[in-house]
Every structure is written in structure tokens, then in C-alpha cells.
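A.B. asks: Residues per chain, in single letters:
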Amino acid sequence: MDSWKVLLVDDEIEFAAALAERLNLRGMTTTTANNGEDALRCMERDRPQIVVLDLKMPGMGGMELMRLIKQKCPSIPVILLTGQSSSKEGADGLDGGAFDIMVKPVRIEELMQKMREAMGQTRSAISGEKG
Amino acid sequence: MVGSVKSWVQGLFHDLMGFADYGVTEERYRRLRKNMVILGVLGSMLPLLLMAMVNYHQYQKALAAEVMQPLRVLVNKTKHSFELFLAERASAVNFIASAYSFQELADEHTLNRIFRVMKTEFGGFVDLGLIDAAGVQVGYAGPYQLKGKDYADQTWFHEVQVRGTYVSDVFLGYRRFPHFVIAVAHLTDDGRVWYLRATIDTEKFNNLIASMGLEPLTDAFVLNRSWVLQTPSKFYGKVLDVCALNYPPVSYEPNVIETWDQAGNEIFMAYTFFVSPEFVLVVVKPSGELMKTWVTLKSELFILFVASVVVIFLVVFKLTDLMVKRIAESDRKREEAFHGMEYTNKLASIGRLAAGVAHEINNPLAIINEKGGLMKDLIEFSPTFPERDKFMGLAESILQSVERCRTITHRLLGFARRMDVQIEVLDLNELMHEVLGFLEKEALHRNIEIRLLLDEHLPRIASDRGQLQQVFLNIVNNAFQAMNDGGKLTITSWDHDVETVGVIIEDNGVGMSEETLHHIFEPFFTTKKEQGTGLGLSITYGIVKKLGGDIQVQSKEGAGTTFTVYIPKQSKQVVGG
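Protein chains in written order, with our numbering: chain A, 45 to 175; chain P, 275 to 851.
Be aware that one or more of the hints could be misleading.
In the DSS-like style, the derived pairs of lysine-lysine whose C-alpha atoms are separated by at most 25 Å in a straight line are [said to hold, decoys possible]:
| no. | chain 1 | residue 1 | chain 2 | residue 2 |
| --- | --- | --- | --- | --- |
| 1 | P | 607 | P | 308 |
| 2 | A | 158 | P | 308 |
| 3 | A | 49 | P | 645 |
| 4 | P | 645 | A | 100 |
| 5 | A | 100 | A | 158 |
| 6 | P | 650 | A | 158 |
| 7 | P | 308 | P | 592 |
| 8 | P | 650 | A | 49 |
| 9 | P | 607 | P | 820 |
The set of hints was computed from the structure by calculation and includes no laboratory data.
Kindly produce the complete structure, drawing on both the sequences and the hints.
C.D. replies: In C-alpha cells form, the structure reads like this:
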């Protein structure tokens, strides 16, 4: 079973809590943050390997947060979640360095699959760099 | 639950958008046609009628004036001749009365000599008499033995006493032929009065009338104020008969009236009254003769009028017909455009609303999804969970409902999504193969025959591959669902014209009713009950329109459905717009 440190950022506490627990049940170690500032602190503290974040949040939005995360840690994969699919946001998200964008509600299996893909790519990229 | 929400939203949109019937009533055009014909005919007929009437009267007046004027001149001239004749005779008598004394005239020889000279010099004199103040004829020259006759009681004697000069009406008198009398009074220096009386033959009057040179049907005569003929008339009586014509209004100027004679013939009656003697000169001319040209002209005018009326009617009818047809045509076009615009607006508002709804629902839905999922996870990961199967079923049911909601919201978002159009040059035939690739397995499984009649020389087009895929996938998917196992799907592509290519997708499925066909592209309209969102064909329609194309559908219940899609060869959509 894959086991990564995941940072889940969503202003919906209930959503974040439940999804975190589900990810944990599948072997992940998930930290949740409910806003951008929180998320940045968690980045410092927990050093996650992958970030899943909601695009639309009060205060610092998902795009801004992703930019800051990527600044600090360019190689960390980010998967964006959105309540509404828009090609503009999607394109911006992907341009901003997101691995992919998924529309809520997501199937847990799909999210796991996406994470695996993201980690696999990162790993191969890293191993490629190393190699 | 989901179904009822959907039907509620559907109902709301039907109410909001007001699916009005734009049926054009034939009645309206019938009324329009009628009004236009009436207006057109009235508008052109009234002036024509008015003009014809005015012309008719003017012409008649002009023509009558033209006829009347010569008559008036003739009457005037003849009147003058009469007056001259009478004045001449009167002055001759006056001259004798002044030139000779009573004693001289009383001498029979002198009187006879003077009478002879007058007869030869003036003509028309029948006799000459000298009457004394008492009214007794003291001298007489003429064919009769009238010397000594007493005129004291006679009218003419009273008249001449008062007026000095007297001209009598025509009468037969002793001599039994028409004549008249001129009498003058003479006052001597010593205050005595005597009278000279001459009788004149009316033959002279007849000569004057004969000298007018009248046409055969024209009559002329002189009457007195009692309307008794003083000269013979061709048609209206002998001398001294009362004339059968009506008495005209008194006029001392020559006057012409149109009237009828006793036989009912239309006549022009030209006349003038004399001041003294009290005669009336009348010329009668039958108007039929004179107005012959007018009658001819009248019938010609009438024919022209009738012909104009016929032409006007024909033109008005033809023009009206043409105009009403044009109006109907433009009405139809406007309605179509209006309908299309309304449809686009409707799709746009629904899109906005759908996106809002989907977004609002997606967040709580995500929470339900995760909570339900967590419940399921907990049960799954704990083998000793009490009543595991029951709870597992409940959680699974929650997740399935979420899944259904998710399908709907995702489709709503897809419907609302303003995808960037990515134009690339592509082969539509190839694209059709790609689309069919998605459904290959189902076709095989359900034994559906797919016939491809693709134009090998179909030009490549510049359009959006992804969106066209969705368009054709939607249509083919619908066709698959409409067909029973073993159905037949025919796909035809052809080079439609210089600007467009066409694709026909024809199935032999269940077809659609008129009613269904009418609503086929409306959002939320579905015949698939619980399975469909009613957005598929609406999205399809939106994409085709966005790409600058057109989509048409024909269907017959029980026979199948045909979708025809036209795609522009060059996309009208600006890249990235």
C-alpha cells in the first residue's frame, strides 16, 4: 500500500476531515488545513509529499496558495479540487503547475489513482534527475 | 427525489421562458388582404370617380356653352333687326306726323300720295289713317273703306293717348290676315292733339326670320307677352295660336335654357324679351342634334372609365396578393429569427443558472460523499462491525445517490461550460470513425448494423475536434438508445456547398412524436425518464450553433429519426474566443 504524507486544504472542515480520514484508512498520513495561512504553516511543519487543495477558499484562494507552495517547493505535486469546472480555471491551474484538476465530488478511488500518478511522475522525474 | 427536482426545474423553465405558439393565423392575412384591397380600390377609384365626374360636368358645360353661344348671338342679332325694323317704321310715321299739318293730311290726295311713297320706300305698309282727338278716323289711305271709323273705345287709342307711340300685337282685324299697328300722337303748337295710325303687314317679320338662315330642325318665331304666336312656327303652332312651349323666365338679354317641348324632346330654347313692343323672340333647337358629339364622347368616356376600373381592380388585387405574401414571408422569417434568438437566450440563461446550481450543490454533495464514503470505509475496514451488511448497504445507497447527483451536476456544468474552442484542421470522416469507436462494443453486443456512406472526397474542415466529437457522440448515443437490438444506423457525409459540409445520422428506431420533436433541443427535456438529464441534445445544439453550424431533425414515430448537421468548413468562432 502506498503511504505518503498528504496535505489536504479545504475551507469545508467537514469535507476535509472526512476525506482525510478516508485517505488515512488507505494508508496515507493526512494533515488538514482550512485556509491558506494554515496550509503554509503545515507545509513548514509536516513537510507533505503531495498537496490536495480546494481552488475556491475565502481569503487566500487556491491559486495563490499553490503559487506560494510551488515557490517554496517546486517539485511537490498539487492536485486541485473545484466545485465547478471551468476550462479557464483548469487551464490556469495547470499553467500554475497543478498536476491535475478534479471536480467535486470526487470518487476516492479516482483521487487515489490521481495521487499515485502524480507521485509516480514525481518519483520518476526525481529518479530521472538523479539518473 | 432527484427526478422530482428535475421536473420542478423543468416546469420552472417552461414557465419562465413561455413557450408560446407562434402560429400565424390565416385569418389575419385574410383580413389584411381584404383591408388592403378595399383601401387600394378606394384610394385609386375615388380620385378617378371624382375626376370623371368633374370632367363630365365641365365638358358638358363647355360643350353646351359652345352650342349656346351661337344661338345667343343669333337671337340677339335678330332682335336687333326686329327693333330696327320697328323703329324705322315708327320713325317714318313720326316723320310724317311732324312734317305735315293736320289739314294737309286730312286732304285725301296728300294722304294717298304720302301712303304710296311710304309703301314704295319702306314696304310692308297696308294703310295709313289720320285720327282726330276724339278718336274718329278723319282721313284714310288704303284698300278699305275705313274713313269715319270711331276708335275712341279701342285699347290702342288709349295707349297712344298715354304713351305717344304705340305698337300693337299682331291681330287679324277686318282684313283677316296678320298685321300690326303703329300709332303716334302729334301735339300741334296750339295744343291740339291728333293721331297717325299705320297698319303693317307681318310678312316683313317672316322675312326677318327667314333671313336668320335656320337649319331644317330649328324653329324661330315671335310671341307676345301672352305667349301668343306673332309669326308662324314650324312646330309650335300657327299665328295667333298660344305657343305650346313653357313660358321662360323674363330676360331682356339673350338667354338659352335647356328644356323639353310638349312632345318630350330635349331642346335648347334661346329667347329674348323686347322692351317695346312687348314681344319675345324665340329660337328652338333640338339638343339631340347638337349634342350628338357629346353622346359619342360620353360613351367613349364611359368605356375608358370601365376599362380603368377593371385595370385598377386587377392591379390592386395583384399588388395586394404580392404584398400580403411578402408580409407573410417576412413575418415568418422574423418569427424564425425571434424563435432562434429566444432559444439562444434561453440556453444562455439556463447555462448560468445551471452553473450556479451545480456549484452550490457540489460542495455539500462532496461532504455527503466523503461522510458516506468514510462510513463505508469504516465498516469495510472493521470486519467485526455489527450488522455489517445492512450498514454497508445503507452507505452504498448513499454513495449511489451521490453518484447520481454528481452525474447531473457534472452535466449541468458541462452544459454551462464556456469551453475554449480549439480550432484545428480535421477530417470529419475520421472523426466519425473515432466517435463510432466509443460505441463499437455496444453495436457488436446489440447487433446494430452501422452503414457508413462517407464522401471520400470530403474536404478537411477547420473546427473543434473535441466539441464535434461530443456533438456526434450525443447524436449517435441517442440513436443507439432509440433503436432495438438489431437496428440499423446510417451515417452519410457530403460536401454540402462552398461553405459547409453535411452529416446525416439516420436510425430506424422508435422515432419521435410531433410534440417531442418540438421540444427536442430544449434543456431538461427528456424522454428517458430517470436515466437522462435532458441536456445532451441541448448541449449538442449549443455547440453546433457556437461552431457556426446548423442542426435539423426529422422523425416519424415507429419509423426512425434523422439528424442533419451542417458544419462550416471554416469555423466562424475566433480561436480562444
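A.B. asks: Run every hint past the structure and note whether it holds.
C.D. replies: Comparing the hints with the structure gives:
no. : hint             : result
1   : P:607 with P:308 : holds, 23 Å
2   : A:158 with P:308 : violated, 74 Å
3   : A:49 with P:645  : holds, 21 Å
4   : P:645 with A:100 : holds, 21 Å
5   : A:100 with A:158 : holds, 20 Å
6   : P:650 with A:158 : holds, 21 Å
7   : P:308 with P:592 : holds, 13 Å
8   : P:650 with A:49  : holds, 23 Å
9   : P:607 with P:820 : holds, 21 Å
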